[in-house]
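Here the protein sequences line up with chains X, Y, G and A, keeping their order.
So the first sequence is numbered by the working numbering: it starts at 1 and just counts up by one.
So the second sequence is numbered by the working numbering: it starts at 1 and just counts up by one.
So the third sequence is numbered by the working numbering: it starts at 1 and just counts up by one.
So the fourth sequence is numbered by the working numbering: it starts at 1 and just counts up by one.
Hints are computed from structural coordinates only; laboratory data are not their basis.
Just to be clear, a hint being listed does not mean it is correct.
Derived, one-sided and incomplete: chain X residues facing chain Y with beta-carbon distance under 7 Å [to be verified]:
1) 24
2) 25
3) 75
4) 87
5) 90
6) 97
Now the stretches of chain Y that chain A is said to cover, found in silico as 3 or more residues with beta-carbon under 8 Å [stated by the list, open to error]:
7) 35 to 48
8) 133 to 141
In the SDA-like style, the derived pairs of lysine to any residue whose C-alpha atoms are separated by at most 20 Å in a straight line are [as the list claims (entries may be wrong)]:
9) A:359 <-> G:35
10) A:36 <-> A:56
11) X:42 <-> Y:23
12) Y:91 <-> X:17
13) Y:119 <-> X:29
14) A:359 <-> G:53
15) A:251 <-> G:171
16) X:42 <-> Y:53
17) A:32 <-> A:120
18) A:359 <-> G:69
19) G:133 <-> G:217
We treat Cβ as the ideally placed atom computed from N, Cα and C, and that holds for glycine.
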Amino acid sequence: MANSMQEKSTPIAGAALDLRIWEWLVGLLFIGLLVFVTPIPKVAAIGLVFAAAVVKAVLVVRKYMHLAAEHWLLYVLALTPVVLIAGMAIALLPDIAFRP
Amino acid sequence: MEAAPNIEAVVQFGDGDSIREIPAARLAIWLFLASEIMVFGGLMSCFMLLRIAHGGWDAEAAHVHWRIGAFNTLVLLTSSLTMALACTSAKERKRGTARRLRTYLGFTIVLGLTFLGVKACEYSLEFAKGFTPGAGLFWAFYYTLTGLHSLHVLAGIILNTTLWIAAARADLVPVVQRRIEYAGLYWHFVDVVWIFLFPLVYLT
Amino acid sequence: MHWLPSDVSTFGPSVDHVFHLILGIVGVWFIAAEGAIILFACWFRRRPGRTASYVSGHNLRELAWILVPALVVVILDFSIDVAAGHAWDEIKLESPKPALTVSVTAERFAWIFDYAGPDGKYGTPDDYWSMAKLYVPVNQVVRVEMRSMDVIHSFAVPNLRLRQDVVPGRTISAWFEATKPGTYEIECTELCGFDHYRMQGSLVVLSDSDYARWQHEHWSPIAAKPSSAESTGVRQ
Amino acid sequence: MSQAAIQRNVLPVEHHEELSFVGKYVFSTDHKTIAKQYLGISLFMAIVGGFTAYAIRWQLAWPSSAIPGVGTITPDAYNTLVTMHGTIMVFFVAMPFLLGVFGNFCIPLMIGASDMAFPRLNMLSVWTLLLGALILLASFFVPGGAAAAGWTGYAPLSARPDLTPAVLGQDMWIVALALEFSSFLMGGVNFITTALNMRAPGMGFWRVPLLVWYEVTASVLFLLSVGPLIGGAVMLLLDRLVGAGFFLPAKGGDPLLWEHLFWFFGHPEVYVVALPGFGIMLEILPVFSRKPIFAYRALVYCALTTTGLSLIVWAHHMFISGMDPRLATPFTVTTILISVPFAVIVFAMIATLWGGSIKFDTPMLFALGGLTSFLLGGVTGIFLGSAATDIYLHGTYFVVAHFHYTLFPVTFFAGFAGLYYWYPKMFGRLMNETWGKVHFWLTMAAFQGVFMPLFLSGIAGTPRRVFAPNEYSLFKAIQPLQVHATIAAVILLLAQLPFVVNFFWSLKRGTQAKDNPWHANTLEWSVSSPPPHDNFERTPRVRRWPYEYSAPGASLDWSPQAERGDAMPATGRH
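Make a model of the complete structure from these sequences and hints.
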């Protein structure tokens with residue numbers, strides 16, 4: 001049911017779509033590696049590498065795990081923990097990361 | 001909010017809440033994955049926080065084999081592709097579906113095993129250099145994070161293998177077609193975890 | 001209130017004030033709620049020939065019966081937050097300039113207090129250290145810099161309304177100003193193992209003259225020779 | 001779901017009697033049997049936990065004397081006792097009792113489902129819990145004894161094998177907790193999926209009984225909060241086994257990290273236990289006051305608000321832990337804000353009594369006892385939630401009294417209320433009323449007698465987890481408070497004997513229960529007592545909300561959810 005909706009919404013679908021997504025993933029992987037090997041400021045490098053990682057994750061989750069075609073509740077289920085973890089990490093910054 | 005209930009309408013249209021239309025197993029898997037995100041997310045945040053506290057651990061991080069890690073990432077991404085192809089073929093209702101499904105699942109299993117094999121070699125290389133889990137916080141985190149992830153990969157391989165065996169029996173193919181979606185969700189999640197672990201451990 | 005131990009610190013009153021503020025607020029609510037439950041239980045007990053009334057609390061008029069009290073609760077909550085916030089800042093955030101700084105080392109199962117001695121420098125021969133007894137002058141701001149050698153301990157002086165965990169790997173400081181000479185109990189209030197309950201010390205608050213005498217008797221008179229190695233005062 | 005179907009196909013109802021004892025009671029996938037298995041585990045662990053409580057109390061009252069039935073104990077043994085008492089009571093009594101028993105038994109019945117969504121997963125949960133419980137109990141008998149680092153397991157005390165005698169015991173403690181967590185993760189997934197997915201036709205969200213709402217929100221909360229601690233447990237175990245050093249400053253680790261991970265779960269855990277307890281009380285109050293629950297929807301929103309808020313208050317356990325003092329006030333605000341949803345819940349319960357026709361059967365007595373006792377636990381939380389007073393009260397008996405006044409009422413008062421209330425549905429017979437009332441009044445009186453004195457001794461400053469409070473000059477004078485608490489504690493434990501006798505006696509001799517002995521509306525009362533294997537002969541059609549009592553124009557003063565009837569229009573919006 002999920003996939004049928006997807007087929008309507010996107011021009012390519014099924015195996016072709018899976019393949020296209022994979023091409024993107026590999027491309028992003030190599031972009032990340034490229035950023036890693038090129039001598040640019042560490043902060044910028046980390047930022048770019050993780051940006052690529054986030055895009056990869058979003059692609060996998062939305063297409064391979066077809067969250068793109070799912071009920072809003074599953075979005076909530078997937079995002080709530082991410083938000084919580086981010087909040088916890090931020091709350092812990094002063095104690096653990098920048099401890100006296 | 002529910003409108004004034006005309007009982008029969010309610011009975012027919014499931015009270016207008018669409019949530020019960022989500023297949024129970026899919027809902028359960030996503031709930032399970034949510035808790036998994038908290039586990040891995042928690043560990044990763046601990047790693048990042050202590051890493052900041054210790055000024056980056058660049059010296060230690062220089063010792064991990066990022067090329068091997070990159071190769072493993074490629075392996076896992078590809079296994080995600082074969083898994084996705086297996087799920088896609090499971091949805092189509094034409095001849096040879098079962099065969100294609102088994103082929104793709106087989107590839108996924110082999111790629112998963114490759115990942116574990118490569119990881120094992122990597123571990124042995126690091127052990128050889130004396131970088132054991134007790135050799136400092138960075139290595140403790142390295143082994144905890146990648147080890148826990150590898151255990152998840154192993155679980156995924158076992159799950160996929162049971163489906164692969166079941167798919168050989170014509171009478172079980174429908175069951176496999178139904179259940180492979182859930183195995184796929186789990187496998188892709190394990191892939192997503194690695195997508196973040198790789199830069200976190202190898203590229204920073 | 002007499003059930004709290006006597007208070008001998010400058011910030012004690014603010015803690016006690018918050019305590020009594022909360023006691024007053026929640027006391028009233030507690031008695032009101034319990035009273036309501038008991039009264040209703042008696043009034044509306046089952047009696048022959050009387051049926052219950054149908055009140056579902058679905059229109060705002062009925063809901064008001066619980067929403068208005070809830071709103072009052074919110075307001076009172078914030079009043080507590082403000083009072084508590086002020087007291088907290090006074091005790092834990094705004095530490096005044098100390099007249100005396102003592103380095104406290106918590107070690108299973110003992111408190112060790114290091115004084116820098118006459119020269120005011122640690123790691124010099126004239127350092128003075130005392131086991132389990134913390135001598136301080138009255139009406140002087142004392143700063144304690146606390147370290148732990150092993151596990152988490154907690155430096156607690158009920159009479160000072162002061163408590164601070166001592167975490168290994170960190171130097172955590174606290175301050176207090178004792179207002180009354182006397183000897184007060186120091187406890188460890190974080191489970192630290194076998195003899196946790198015996199990990200006690202005493203805070204000896206001395207009048208200025210007594211403190212001077214104590215200093216004269218115990219602090220070694222030899223002049224501080226400048227030492228290059230300024231240790232942090234941690235006992236190894 | 002599919003397993004359930006298969007299950008039904010291979011074991012038609014009439015074959016159940018022929019099933020072997022093992023097949024029927026041991027490896028059962030029936031949620032009702034599994035609920036009874038949880039009941040067995042939790043009550044047995046409650047006996048163990050109660051015994052530790054007895055030993056602790058005796059030691060505190062008469063530190064120099066030998067404990068009858070135990071003998072003289074070392075300070076290490078005392079630390080073991082307090083550690084295991086906390087661990088057992090929170091993780092192996094409160095959770096299985098409130099979630100395992102009532103969640104399993106009530107959720108499918110109340111929403112009109114034939115079983116849980118995943119019966120086999122359900123069976124796996126209970127067996128995982130049992131394994132954890134056995135490992136925890138076994139740790140008492142390994143060399144070095146059981147864990148002795150406090151139920152909070154603060155590092156480094158828990159992270160270094162050389163600091164407590166419990167070397168293997170502490171490892172087993174971690175493993176047992178890991179198993180308990182995974183058990184309730186599986187259970188929680190099952191609860192949530194079942195409640196969202198398997199509601200009978202007509203059972204819209206606004207017709208779901210509050211107990212189901214509260215069990216599900218509790219499960220969601222557990223699911224969202226326990227993850228980091230599972231990671232933390234792995235780290236702690238590695239600290240102990242390979243000296244990884246995550247929490248050891250000597251190796252660059254940080255003890256505060258464990259405290260944060262523990263309390264990020266530890267505080268929500270309180271609500272994971274409290275919400276189901278309140279759910280039970282909220283089910284029982286309307287039935288015995290023959291009135292609709294007051295402000296049903298508000299109560300649902302309160303559960304959701306509490307769930308959300310409880311995830312951002314954890315650091316109030318750490319005000320004086322050495323964490324950044326600037327964090328204290330924000331966490332004070334969020335903490336004290338939780339009093340609002342709980343105040344609304346309490347007000348709604350009180351409002352439900354107003355204008356009712358209240359019958360004081362044992363379940364109602366326990367529900368009211370739970371409410372009145374919890375109130376004190378709730379309000380004393382404000383003292384500890386506000387950073388300034390926490391400086392003074394933290395780590396004293398005030399804390400002990402406070403959390404016993406919150407957890408005991410929701411676990412035992414609400415739990416017993418639920419047990420007396422659903423016992424006829426579980427076992428087909430009613431428990432004896434007279435002995436039930438005796439049980440209640442003794443428990444009520446003794447409970448207050450134990451923990452009231454501890455509030456006073458806490459306000460006086462007595463530190464908790466001390467082997468001998470009379471060793472402190474400051475507290476010698478108030479030692480009588482400890483003695484008082486101990487005498488009351490012994491009475492409290494003895495007061496449970498009437499219950500135990502009543503429970504087993506009623507199994508065989510209790511009066512046969514009709515389908516709906518309390519004249520309640522929820523679906524479980526529309527089937528036989530005990531219900532058949534698949535609960536409902538035919539899927540019920542739900543026609544109204546669960547709290548339609550004394551509806552104007554109705555012929556009876558209750559209107560079961562699935563019954564056609566006159567009371568419908570009165571509550572059109574339900």
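Restraint satisfaction for residue 97 of chain X [CB to CB of chain Y, less than 7 Å]: holds, 4 Å
Does residue 90 of chain X pass the interface check with chain Y, least Cβ-Cβ distance below 7 Å? violated, 9 Å
For a C-alpha distance cap of 20 Å, please report whether residue 42 of chain X and residue 53 of chain Y respect it. holds, 17 Å
Is the interface hint satisfied for residue 87 of chain X? The criterion is a beta-carbon contact with chain Y at less than 7 Å. Interface hint status for residue 87 of chain X: violated (10 Å vs cutoff 7 Å).
Quick one: see if chain A covers the segment 35 to 48 of chain Y, three-plus residues with Cβ-Cβ under 8 Å. Since 11 is at least three, the answer is holds.
Are residue 359 of chain A and residue 53 of chain G close enough, with their CA atoms no more than 20 Å apart? Holds, because 15 Å separates the two Cα atoms, which is no more than 20 Å.
Does the closest beta carbon of chain Y sit nearer than 7 Å to the beta carbon of residue 75 of chain X? violated, 10 Å
Do the alpha carbons of residue 133 of chain G and residue 217 of chain G lie within 20 Å of each other, as the hint requires? The hint holds at about 15 Å.
If you draw a straight line from the CA of residue 91 of chain Y to the CA of residue 17 of chain X, is it 20 Å or shorter? holds, 14 Å
Against the 20 Å threshold, does the CA-CA distance of residue 42 of chain X and residue 23 of chain Y hold or violate the hint? violated, 45 Å
Given hint residue 25 of chain X near chain Y, where the shortest CB pair must fall under 7 Å: Holds, because the Cβ-Cβ distance from residue 25 of chain X to chain Y comes to roughly 5 Å (cut-off 7 Å).
Does the nearest C-beta of chain Y fall within a distance shorter than 7 Å of the C-beta of residue 24 of chain X? Cβ of residue 24 of chain X sits 10 Å from chain Y, so the hint is violated.
Hints 1, 3, 4, 5, 10, 11, 18, counting from the list given before, are not met by this structure.
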